[in-house]
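**Q** Guided by the hints, dock chain B onto chain A, whose structure is given.
Protein chains: 2
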Amino acid sequence: MAVKVHILGSGSAKPTATLTPSSQVLQMCDKQFMIDCGEGTQINLAVMGLRTPRLDNIFISHLHGDHCFGLIGLLSTWAMTGRTRSITIHAHPDLEKIMNPLLNYFSTDMPYEVRFNHINPLKHELIYEDRTMTVKTLPLRHKVPCCGFLFEEKQRPPHIQKEMIEAYHIPVAEIPKIKAGADFKTEDGVVIPNSQLTYPSDPPYRYAYCSDTAYNEKLIPLIEGIDCLYHEATFTDEFESRCKDTMHSTARQAATIAQKAHVGRLLLGHFSSRIADFTPLYNESKQVFPNTMLVHDRTTYYLKD
Amino acid sequence: MAVKVHILGSGSAKPTATLTPSSQVLQMCDKQFMIDCGEGTQINLAVMGLRTPRLDNIFISHLHGDHCFGLIGLLSTWAMTGRTRSITIHAHPDLEKIMNPLLNYFSTDMPYEVRFNHINPLKHELIYEDRTMTVKTLPLRHKVPCCGFLFEEKQRPPHIQKEMIEAYHIPVAEIPKIKAGADFKTEDGVVIPNSQLTYPSDPPYRYAYCSDTAYNEKLIPLIEGIDCLYHEATFTDEFESRCKDTMHSTARQAATIAQKAHVGRLLLGHFSSRIADFTPLYNESKQVFPNTMLVHDRTTYYLKD
Chain A
1260 MAVKVHILGS GSAKPTATLT PSSQVLQMCD KQFMIDCGEG TQINLAVMGL
1310 RTPRLDNIFI SHLHGDHCFG LIGLLSTWAM TGRTRSITIH AHPDLEKIMN
1360 PLLNYFSTDM PYEVRFNHIN PLKHELIYED RTMTVKTLPL RHKVPCCGFL
1410 FEEKQRPPHI QKEMIEAYHI PVAEIPKIKA GADFKTEDGV VIPNSQLTYP
1460 SDPPYRYAYC SDTAYNEKLI PLIEGIDCLY HEATFTDEFE SRCKDTMHST
1510 ARQAATIAQK AHVGRLLLGH FSSRIADFTP LYNESKQVFP NTMLVHDRTT
1560 YYLKD
Chain B
1260 MAVKVHILGS GSAKPTATLT PSSQVLQMCD KQFMIDCGEG TQINLAVMGL
1310 RTPRLDNIFI SHLHGDHCFG LIGLLSTWAM TGRTRSITIH AHPDLEKIMN
1360 PLLNYFSTDM PYEVRFNHIN PLKHELIYED RTMTVKTLPL RHKVPCCGFL
1410 FEEKQRPPHI QKEMIEAYHI PVAEIPKIKA GADFKTEDGV VIPNSQLTYP
1460 SDPPYRYAYC SDTAYNEKLI PLIEGIDCLY HEATFTDEFE SRCKDTMHST
1510 ARQAATIAQK AHVGRLLLGH FSSRIADFTP LYNESKQVFP NTMLVHDRTT
1560 YYLKD
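For the protein sequence lines, the chains are A and B, in the order given.
When you line the first sequence up against our numbering, it's residues 1260 to 1564, in that order.
When you line the second sequence up against our numbering, it's residues 1260 to 1564, in that order.
One chain only, chain A, in its complex shape (with noise of 0.2 Å):
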């Protein structure tokens, strides 16, 4: 199915005239998925003209005001739009405390129910599941307790061999037992093994958002060999004490946890406003881990068709 990633913004603390605070919106399994909920948030959904009717879920990453300060005007829009269906927001305990006077002043009568989902960023567990997809924690280094998240598909039932199913005469109820690994049977007698029957669907699609953090080599495991890597590069390498005591990572150090977690492509962004020139940011990337992209504010990523 369809991956995309819709970044509304990828500044860092301060915005700039083009780079706004941290957000994202994952398509991935039919469903969206908001990542971070800075300043603007909801200007950038109306600027790209996305809507967002299978948006349930909200992740926060760490209660620094550039992830999270446009949660209030998001949910109030939405209030008085005539949103009914109840939103969750997995985010560390902090946040519930932080919203809860802000909704029952702004947002008397809310018509849809706010879930808060806590969850502890210092550990690894997952956090989010349905029928195709999980979703699960990964402990970030910063100056906050600080989570990634890792979206997984889970592994879809293979396809039928169509021309199988004429050749042997295949009746449509057997078609879910084959799906499950079954064998099929002739009227002959004849066992058809389900490895002739069937070919493998996709490997299940993972995406990970990694920000804010420091150079963090236990991400590596958990992150080994997915599809895409979306990861802070707050400075170029000309500001790498400043990156060390800001607890940031630079391009360099994003792409070199690419590198050695294998993942197929790297997405930088949460770029810090003293960066005039993109080009060494790319550079530094680039050398390390070619499949680089540096993505800007309002734009749409198609990752799988």
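Honestly, the hints are just simulated from the structure, not real lab data.
Just so you know, not all the hints are guaranteed correct.
The list makes no distinction among identical chains, and a pair is therefore deemed to hold if it is satisfied within one copy or across any two copies.
Said to hold, decoys possible - Only pairs whose alpha carbons sit at most 27 Å apart, straight line, appear in this in silico DSSO-like list of lysine-lysine:
id, residue 1, residue 2
1, Lys1290, Lys1273
2, Lys1273, Lys1356
3, Lys1413, Lys1563
4, Lys1563, Lys1545
5, Lys1477, Lys1382
6, Lys1444, Lys1563
7, Lys1519, Lys1545
8, Lys1290, Lys1519
**A** Relative to the frame of chain A, chain B by itself:
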């Protein structure tokens, strides 16, 4: 002195691709005054490249999110970028109760002081005064306590007729006294009346911001003859009943207030996301008050040279 207004956002509650929530910076008497601070205010400051070295006062008309959700982001960014000058926020007392927990959580070690001046939006009174100007509240009619703001220059002292200084050999030390109204006595004992030595300075510039409000004739005497009125015009005539329900104004109603108050010019803003075509809105205002202008986001209007 030059007067200009930087429109950061002129939208209403729901942002659109072109309209962000309310905020503007009035530049008057060489100072900057922010009026309202909806989500995206700090982003639009960055987009406009507008620096705010003389911004020490923020005026919040009322506590609906589209007029104040940008505050926490702006104050946090200032904290992070080393602001040291205190800021005064003039607003309904509830704003302090809302903001303090947010500031305590997100901006520990604030390098500057945030002062709250509690205002009573139901009264017309002086809430700010300095050497050159005053700000007064303008009670409005809205769903929650809400006021506009009247910014008035003080009358500056008269100018000295330069040719009189030469003609009567007036010493420099006498000039402040003459500016303050004194006559001048020549060495021969002849009294030159003040009126012959001076000519009046420009009349004080007056600017009023009125948003959000239902049609409100009580405003008229309070803004009689001012130079520029910024008035909300959320709807066209077509939406008159919705306008009434939501306690907003149509463009025609805004123009009627402008016309009855004999203001110099009318700036219209706070447009509903339902307005797809702005031509009727403009025309409906212009029919009643010709000197109408519809503002655009991220645009500066030069009101006086």
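**Q** With identical chains, the pair Lys1519 and Lys1545 could be close in the same copy or across copies; at 27 Å between alpha carbons, which is it: within, between, both, or neither?
**A** Close inside one copy (14 Å), not across copies (66 Å); limit 27 Å.
**Q** Evaluate Lys1273 and Lys1356 at a C-alpha cut-off of 27 Å and name the case that applies: within, between, both or neither.
**A** For Lys1273 and Lys1356, the Cα distance is within 27 Å both inside one copy (25 Å) and across copies (25 Å).
**Q** I want to check one pair: Lys1444 and Lys1563. Are their C-alpha atoms no more than 27 Å apart within a copy, between two copies, both, or neither?
**A** neither (37 Å within a copy, 90 Å between copies)
**Q** At most 27 Å between alpha carbons: which applies to Lys1563 and Lys1545, within, between, both or neither?
**A** Result: close within a single copy only, 22 Å intra versus 53 Å inter.
**Q** When no copy is specified for Lys1477 and Lys1382, does a C-alpha distance of 27 Å or less occur within a copy, between copies, both, or neither?
**A** within (12 Å within a copy, 60 Å between copies)
**Q** How do Lys1290 and Lys1519 come out at 27 Å by Cα distance, when the copy is not named: within, between, both, or neither?
**A** Close neither inside one copy (30 Å) nor across copies (54 Å); limit 27 Å.
**Q** Using 27 Å as the alpha-carbon threshold, which applies to Lys1413 and Lys1563: within, between, both, or neither?
**A** Within one copy only: 15 Å inside a chain, 64 Å across chains, cut-off 27 Å.
**Q** At most 27 Å between C-alpha atoms: does Lys1290 with Lys1273 qualify within a copy, between copies, both, or neither?
**A** Answer is between: at 24 Å across copies they meet the 27 Å cutoff, but 31 Å inside does not.
Checked against the numbered hints above, the structure breaks hints 6 and 8 and satisfies the rest.
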